[in-house]
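Number of protein chains: 4
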Amino acid sequence: MSHFLKKWTELSEVKEELASRDWFFGTSGNLSIKVSNTPLQFLVSSSGKDKRKITSEDFLLVDELGNAVESTGLKPSAETLLHLEVYRKTNAGCSLHVHTVDNNVISELYGDYGEIRFRGQEIIKAFGIWEEDAEVSIPIIRNHADIPALADEFSQYIDGDAGAVLIRNHGITVWGRNAFEAKKHLEAWEFLFSYQLKLLSVKNLVQPKISI
Amino acid sequence: MSHFLKKWTELSEVKEELASRDWFFGTSGNLSIKVSNTPLQFLVSSSGKDKRKITSEDFLLVDELGNAVESTGLKPSAETLLHLEVYRKTNAGCSLHVHTVDNNVISELYGDYGEIRFRGQEIIKAFGIWEEDAEVSIPIIRNHADIPALADEFSQYIDGDAGAVLIRNHGITVWGRNAFEAKKHLEAWEFLFSYQLKLLSVKNLVQPKISI
Amino acid sequence: MSHFLKKWTELSEVKEELASRDWFFGTSGNLSIKVSNTPLQFLVSSSGKDKRKITSEDFLLVDELGNAVESTGLKPSAETLLHLEVYRKTNAGCSLHVHTVDNNVISELYGDYGEIRFRGQEIIKAFGIWEEDAEVSIPIIRNHADIPALADEFSQYIDGDAGAVLIRNHGITVWGRNAFEAKKHLEAWEFLFSYQLKLLSVKNLVQPKISI
Amino acid sequence: MSHFLKKWTELSEVKEELASRDWFFGTSGNLSIKVSNTPLQFLVSSSGKDKRKITSEDFLLVDELGNAVESTGLKPSAETLLHLEVYRKTNAGCSLHVHTVDNNVISELYGDYGEIRFRGQEIIKAFGIWEEDAEVSIPIIRNHADIPALADEFSQYIDGDAGAVLIRNHGITVWGRNAFEAKKHLEAWEFLFSYQLKLLSVKNLVQPKISI
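Residue numbers (the numbering used here), protein chains in the order written: chain H, 1 to 212; chain B, 1 to 212; chain D, 1 to 212; chain R, 1 to 212.
Just chain H, with the same shape it has in the complex (with noise of 0.2 Å):
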């Protein structure tokens, strides 16, 4: 029960810091972190719920097929198929799903290329990568509607147990071995994300005689 308290209060936290930010806008958005491996048993957010409120029905515990543990009139979030298959392919112990305006922009920007990738970046050193002018990838994978389908989609670019997907239009998934793993690289991807849209926007108007 502490140890369920504990992951419980870790989510809390997390959800709490992001909702500040305005990330679930629209109840949209779920995490999940780890409470068990065997069986897998993982907390995830409840369905349709307000974020900016922090209550005893925010998250739920299911099992290795997404389902309640206990009988509850809760109903795990639709995208819980995703946080499965994080937990099942890796040693994560954390998953975040969010909304931003800046990532949904990003994903639609470079959504042809199927990718975005960073260079030279020190905020690259949040994904443990140390080298010098290293190179930092996402996927961006098509937003389907089916669940089961944008699961499997999903499901092919998990590869590490830390790690994350832009879905087009909709969102970012990041997991990590814990949840400040998994926060601290959400962090870094949205500020590259926000790096490169305001980058975008000023690059070609420097005049150096007017502003320098």
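Where hints are given, some of them may not hold.
As the list claims (entries may be wrong) - 20 Å max Cα-Cα, derived SDA-like pairs, lysine to any residue: (1) R:K125 <-> D:G48; (2) R:K53 <-> H:E16; (3) B:K6 <-> H:D50; (4) D:K125 <-> D:F180; (5) H:K6 <-> R:K53; (6) H:K203 <-> R:R117; (7) R:K53 <-> H:A19; (8) D:K125 <-> B:A19; (9) B:K125 <-> H:K203.
Said to hold, decoys possible - A partial selection of chain B residues facing chain D, derived with a Cβ cut-off under 7 Å: (10) F25; (11) T27; (12) V105; (13) L109; (14) L197.
Rather than coming from a laboratory, the hints here were simulated on the basis of the structure.
The C-beta atom is built at its ideal place from N, Cα and C for all residues, glycine as well.
Knowing the structure of chain H, use the given hints to seat chains B, D and R on it.
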């Protein structure tokens, strides 16, 4: 009384959250929540209050003519008529009207088209629409200074228990069956407006050789 | 004393709210509130304080020459003269001066015109103007480093109990009959500036075939 | 001990404020404050902490070589060397290093010029410069992955008790005689960066006939 207090609290919490986003600049905006159907009575913002403050004078109860139910020094919002139209024509339980920079800019950019449409955005599910590539649209109407004239034109676009109308260079009015739904729809619209503005500002500027 | 405390609290609350929006970066900005007419005495920001903090040294009482009424180690804001001009020439009760990124950019963009005008925006009602298609303008003056010279030029644009002046690449000064009105006007101006900047950044980029 | 606690609290308050602005995304950034001159000892961020949380492990005391003064499981920030350079060469009392989207974009836009200059901005007074049309500049240096190499290049630009350096696609380091001054300068630089980016994005788009 307990029911009244519950409704007051619901509306007050929505107001507090929207105020924290600075969506009521210059005392703009107003909110209402239905308290009873027969007779029709609803709580509506008092006119001209600073919505960052929480006081016992934030709302007052009005009747089916928009008049205060009890004798009071408070004046109902000048735009109470618009809320009234919503409750007269639908089973909506809550109506929110906010001025945001983004909804004002969108209303001006697309005002001549009379509407703005969005397609293929995941956040559209917030409106309860789950088909792939679903399309939503919001009408953009002229901003009559005369409130009865504005209410008349606004009224023509009220066709369901949940809905939304943009008033050009003025703001958005969103209604839903309850405060939860109204806020959910409001956030989804604002997300779409912000997405559209940011996408427009960079969409012709992507340079594959440099950034990808 | 109770009246003094009431005025202090009013000003402190406005300061706290504006500080939470980061409108006082780098200890910039200053605020004042009138405490008495005869003799003229007003509370004004102490010079060089971090306005994110709330302390008993945030303001000091000054007289009709801008000098401290009581012996104190505190120095009135270097721009106290501008507040003084407002109280000398009008019945205003509060004056707010803030540097925001948006008001600075607007002041530079439109500085050569000496003003910026807005028409047909609903938020104009915050200035107490209710006609359809009403127009408002705010003068943009040169930023003299010499405060008496700045106060002189500023003074020429003080012509009512509520008003506002933009100082180029410096900030806005807004005054009103009380703290409530001054803040209301300030928010309305900042809304208009942000609207104008966002509209400019996208207005030539709407592509009906793609986005509508 | 009381002196130590005072310094800890000062640094912790600055960290909390900067964290609330999301200036430490992905555990980036680090801060330090000098505790004693002889021997040189300063508190510096522990490596890899989430700076939105406030804990007793946020900082650790290091000596003139950047090593922990007491035995501890905590590791000083990987960039402690940069803080050390500041304290070795100047009488600065505090040094702040943050990654913001705007300072990263500015560093990329103007990186090839080796600096960015600002003139005639009121906020320049935050640097203690009061002349009309004063000009300030901040160097932009290459981001070496090797910290000693970065510290070496950084060190060449340390020439006063208060100052600042931009590291390309990395972030800003600002130092001052105390935490108050360092934060004041940091805010002023960030204001100027945001101003420049917003001005660039609209300066060629003003259409007098339409908007004025």
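Hint check:
1. R:K125 <-> D:G48: Answer holds: K125 of chain R to G48 of chain D is near 11 Å, not above 20 Å.
2. R:K53 <-> H:E16: Holds, because 13 Å separates the two Cα atoms, which is no more than 20 Å.
3. B:K6 <-> H:D50: 18 Å, holds
4. D:K125 <-> D:F180: 15 Å, holds
5. H:K6 <-> R:K53: 16 Å, holds
6. H:K203 <-> R:R117: The given pair, whose Cα atoms are some 17 Å apart, holds under the 20 Å limit.
7. R:K53 <-> H:A19: Satisfied, since the Cα-Cα distance of roughly 16 Å is no more than 20 Å.
8. D:K125 <-> B:A19: 19 Å, holds
9. B:K125 <-> H:K203: 35 Å, violated
10. F25: 4 Å, holds
11. T27: 5 Å, holds
12. V105: Nearest chain D Cβ about 5 Å off; hint holds.
13. L109: L109 of chain B check passes; min Cβ-Cβ to chain D is 5 Å, inside 7 Å.
14. L197: 6 Å, holds
Hint violations for this structure: number 9 only, all remaining hints satisfied.
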